[in-house]
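Visitor: So you can see what is in the structure, the chains are spelled out below.
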Amino acid sequence: MVLRRLLRKRWVLGVVFGLSLIYFLTNTLKQEERTIRDRTLLEARDPDHRIPWKVRFNLGNSSRPITQCRNSIQGKSLLTDELGYVCERKDLLVNGCCNVNALSSRQYICKSCLANGCCNIYEYCVSCCLQPDKQLLLEHFLNRAADGFQNLFTAVEDHFELCLAKCRTSSQSVQHENTYRNPQAKYCYGESPPELLPI
Amino acid sequence: MYKNLRDCQIKPMELFQLYLYLSPQMAMPHINLLTWNLPQLEAQMPWRYLTITMFSPLSTEYIVAFNGYFTAKARSHFISSALKSSEALDWRIVPRKNPASDFPSDFEVVQIRQASHSSLLTLEDHPYIKRVTPQRKVFLPDPGATCNNDTRWTQKWQSWQSSRPLRRTSLSLAFGFWHATGRHSSRRLLRAIPRHVAQILQADVLWQMGYTGSGVKVAVFDTGLSEKHPHFKNVKERTNWTNEKTLDDGLGHGTFVAGVIASMRECQGFAPDSELHIFRVFTNNQVSYTSWFLDAFNYAILKKIDVLNLSIGGPDFMDHPFVDKVWELTANRVIMVSAIGNDGPLYGTLNNPADQMDVIGVGGIDFEDNIARFSSRGMTTWELPGGYGRVKPDIVTYGSGVRGSGMKEGCRSLSGTSVASPVVAGAVTLLVSTVLNRELVNPASMKQALIASARRLPGVNMFEQGHGKLDLIRAYQILNSYKPQASLSPSYIDLTECPYMWPYCSQPIYYGGMPTIVNVTILNGMGVTGRILDKPIWQPYLPQNGDHIDVAVSYSPVLWPWAGYLAVSISVAKKAASWEGIAQGHVMVTVASPAGNNVGGEMTSTVKLPVKVKIVPTPPRSKRVLWDQYHNLRYPPGYFPRDNLRMKNDPLDWNGDHIHTNFRDMYQHLRSMGYFVEVLGAPITCFDASQYGTFMMVDSEEEYFPEEITKLRRDIDKGLSLIVFSDWYNTSVMRKVKFYDENTRQWWMPDTGGANVPALNDLISVWGMAFSDGLYEGDFTMADHDMYYASGCSIAKFPEDGIVIAKTLKDQGLEVLKQETAVVEGVPILGMYQTPSEGGGRIALYGDSNCIDDSHRQKDCFWLLDALLQYTSYSMTPPSLIHSNSRVTPPTGTDRPLPERLEGNHLYRYSKVLEAHLGDPKPRPLPACPHLSWSKPQPLNETAPSNLWKHQKLLSIDMDKVVLPNVRNYRPQVRPLSPGESGAWDIPGGIMPGRYNQEVGQTIPMFAFLGAMVVLSFFVVQLTKSKNKPKRRKPRVKRPTLPSQPPQTIGPQHTRPRTLED
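For the record, the sequence lines run as chains A and B.
Numbering-wise, the UniProt record's numbering puts 118 at position 118 of the first sequence, and it's gapless, one number per residue.
Numbering-wise, the UniProt record's numbering puts 308 at position 308 of the second sequence, and it's gapless, one number per residue.
No lab work stands behind these hints: they were computed from the structure.
Where a beta carbon is used, it is the ideal one built from N, C-alpha and C, also for glycine.
Check the hints yourself; a few may be wrong.
Partner residues are not named here, just some residues of chain A that face chain B (Cβ under 10 Å, in silico) [said to hold, decoys possible]: (1) G14; (2) Y23; (3) S77; (4) P132; (5) Q135; (6) N151; (7) A165; (8) P183; (9) Q184.
Okay, derived cross-link-like pairs now, DSBU-like style, lysine-lysine, Cα gap no bigger than 30 Å in a straight line [said to hold, decoys possible]: (10) B/K1025 / A/K9; (11) B/K608 / B/K483; (12) B/K304 / A/K76; (13) B/K859 / A/K76; (14) B/K859 / B/K736; (15) A/K90 / B/K859; (16) B/K608 / A/K90; (17) B/K574 / A/K76; (18) A/K76 / B/K483; (19) B/K575 / B/K608; (20) B/K574 / A/K90; (21) B/K736 / A/K90; (22) B/K574 / B/K936; (23) A/K111 / B/K304; (24) A/K76 / B/K736; (25) B/K859 / A/K111; (26) B/K575 / A/K90.
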């Protein structure tokens, strides 16, 4: 009986209503908020939007004390560190840098690379691309990167990442989809795709 | 140019409804979808496709889809009025007996006998009929069920041009449905009810420990994902790599796959807190290109993705840019999980990239632990003809009737290896998040943990199940006590263990036989690159007759990325030539990897590979059959057309033509008849013919070295016999079956016919024999056996003292070229000949290889093979053949010219025999025969356990250290709600603590405060008002009940704008 009367009380009903309202509001607003977050993500890759090139060119000043290096990770026997040194895996230091004093280590080396900026070995391509004088070429490339590359090159953050990404084989490297344009020199830091060889 | 999803998009249309329809949306502008042309729609050999299920068309049943929902009566009325115009058509509506049949429906199954193209067109002309599609039936896992491949040819031959065999399709999109395994018995139906796969695999044990995949970046390469899908809370990024300007999924495949990995509500995924990166690489038309993949993969590397799911695949493992890129990804520590393919139950159907050593290839099982019929299987075919294939898939998991996220909302269930793949990818994501030291997790260590923990299924061989069924909890235990090391897959060689080690266990080894090769994969969890230190050591166990075998080992010079091969060739020592028994020993391999932590240092890991073989005395010559593998070529790399021209949905010959792939049934049959079958992976000059009774050449595409031709002639003079199963070769037909391959943007002209008849004719011409360029097809009876000749040639020339059998067949060449039907009488198809020299061998020719090939076989002719082997091996002429009235005088080959090689063919590009020259290609110099360098044995006085497979243990792993919370064996079906379901007021820190709760937590107080203020002010106003008024008791009025309104019928026809009109 008491309970029934209590339920008929206006303020009880009001509290129930209020709580429901709050629940409703939070849920709606929360969803909206999430939508907004998602949308900003999409706007970042709006094609009309001018790409804010985030690439910082550090000019590989070797006198700068560096404690930790990123390197090209993937190589079968060679690696390139972010200072542009190519070395064999055994000459890699604990901090990820090439041992500069090792015999195999060479900085900014363009071995196996052709005049058109395409190389036979990925690690040499990255090293060559890290040469300070390649900056102009890369900036030029970035400013007119093809549509398909926007996703990739807007996400690149510095010179080293750019060279790692640029030297990889990509849609520009193939003919007839399943064949390399030039299987001998397929890693390119330059603007032009590999030279087209007949199958 | 396309990589297509192979489309069999199926969606369930009503409750308990068991029928499916095929979505005709293919990216083929020049194919009129209204034309009734199912095989044509499927006439692409997908390059990579999304994998869900395989269906076979039922020959005469069609699904008529309507524009809206109509009652059974109305539907029947529509169909009869639509078909009224096409006179005398025999049709009936297939009754559907299910609870849903009382309700309006939007489709009907109609059985039409001799459905003509025009009658189907008239059906589609009806205003209420949306489309007509063939009824397709899901292959049941019933071992006796043979698939009905009798798809009648309703389409014209021109469609060859429009077919695009090399499309990379995204591995299947045959949307399965939950009845897939249990249509025929209610008991199975119940058991096949889709279940939460994450729950079955006990992912909730890890969830309860607080692991939910957080901090792991998982990439889904698929058809995209809608922006506001309610199942996902942590979609970090969606990117589009196709030429369509959308990020959304228009097919549902990508959503499903993402849901299995990371859905947080309803049908829960494995790792709801993982960071999802959605890569849209397939268009809504299921088109994709290698180049899109390359760019998308580069982005995945840049984003440092941890786990990448590829529910796609295709047969082209020679797409070097793609294969290299997958290696590059794993080398960058991306764990790749991929679907093995939906081309089962045929062997030799593995798809790339799942067949790569560095990728985790996943096959499918149903909830009753049977290998799903559609799951691709069989050894890899990269290594043929000289080597032997690797074991794939790596593991299997649920792939049949699995529930996952629907395209917009809700759940659906699908079948296919593209379902199984995200199950593993989700489990891997969850596992990665459990590991504290992420440095230890890499593609190799993850694969090692998965295969070491997998549960082996009984009665299934390793080429179907790999290492067995995924066991998430055990994988967790192994991974969390993992120490970097190398391991082997398979981890032991027991050639006596049946059925797991099929086909090795099906034939014992003996002295003088071709060495048995086991292709073992070395997984190296220590580093992306490694090498084998020194040489592997062979250590025979003397007490167990280990000295009776010789072992040779070859291996990858560099193990990169994370893996390499170790091919073990086993041969019987001479001293055991007449010995019978079991021999054992082991091979010891030491793998070294550069240790990243000290200059010049190396980590090493030593693995033992136990070997156990059964030896028998060398069987007599007549029992031994040698299979020619060297002269079998297949796609990839070139266009080698299918041997059965009717099978236009599968225009390429791509299963390897090996006795353990698509000639598996034939091999089993020969074994059961007591023959010993060996494989020759080298030129004919490389075997000792005095050892063998019969040399079998089936469907050979390769050319012959002149030395081979003279060697074979000598061998046959000395008593070797030859059986040739040829196939069609007609240059006009070859020109006709060329097509524009939009995948590679070039015309594809076949380089041979079904077989290379001109080359075969060069080989057999010394005996006055030749095949013709005729192309015949048809049913006939031979010696009381029903036979089917599927696109074969005839014998053009045969010695006059030979036996030749002729049959009445249809001229398929005429049908292909001019769409005319002509019956030809007396086509010589079988010839048997005893060479005249003393002790000379016998030769048997047959014009068609389809009846012994597993792919697309309709009627087998193993009895004929038996008869021919009786003839060649024992010189017993089968009486049923000689005395038949089909016997004719041997043809002399004078009435029409023998086939010439197709001008301008590019066989030299793929041939091991020819090389390009100005003018005609010329044979290369004969290569040296393969030479094995036998390891020097280092005998041990040891005894091996009788059972080599205990549980493959990774070294230095103490699983007991990894404690689990109390794992309840019985889990109630009702699970606590996930945070997403329970809403904002749920107590934070429920079973899935994560970002989500915290965020909600931050927004709650503000809204709560605001809301409370509103309510409070309202009451203050009310209160003040009521205080001013005197309290009055309202009289209680009993309201009369309203006259009840007629209840509104709720039915689809009312909810739809369109109403029923007759």
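Visitor: For each hint, tell me whether it holds in the structure or not.
Guide: Hints and how they fare:
1. G14: holds (6 Å)
2. Y23: holds (7 Å)
3. S77: Result: holds, 7 Å to nearest chain B Cβ.
4. P132: violated (23 Å)
5. Q135: Constraint on A/Q135 not satisfied, violated at 20 Å.
6. N151: Where the cut-off is 10 Å and the nearest Cβ of chain B is about 5 Å from A/N151, the hint holds.
7. A165: holds (6 Å)
8. P183: Holds, because the Cβ-Cβ distance from A/P183 to chain B comes to roughly 7 Å (cut-off 10 Å).
9. Q184: violated (13 Å)
10. B/K1025 / A/K9: Holds: B/K1025 and A/K9 sit about 15 Å apart, inside 30 Å.
11. B/K608 / B/K483: holds (17 Å)
12. B/K304 / A/K76: Within the cut-off at roughly 19 Å; holds.
13. B/K859 / A/K76: The given pair, whose Cα atoms are some 50 Å apart, is violated under the 30 Å limit.
14. B/K859 / B/K736: holds (27 Å)
15. A/K90 / B/K859: Violated, at about 60 Å.
16. B/K608 / A/K90: holds (27 Å)
17. B/K574 / A/K76: violated (41 Å)
18. A/K76 / B/K483: The given pair, whose Cα atoms are some 22 Å apart, holds under the 30 Å limit.
19. B/K575 / B/K608: Distance ~26 Å between B/K575 and B/K608 Cα, so the pair holds.
20. B/K574 / A/K90: violated (45 Å)
21. B/K736 / A/K90: violated (57 Å)
22. B/K574 / B/K936: Satisfied, since the Cα-Cα distance of roughly 15 Å is no more than 30 Å.
23. A/K111 / B/K304: holds (28 Å)
24. A/K76 / B/K736: violated (46 Å)
25. B/K859 / A/K111: violated (61 Å)
26. B/K575 / A/K90: Given pair B/K575, A/K90 is violated - Cα atoms ~47 Å apart, limit 30 Å.
In the structure shown, a violation is registered for the earlier hints numbered 4, 5, 9, 13, 15, 17, 20, 21, 24, 25 and 26, in ascending order.
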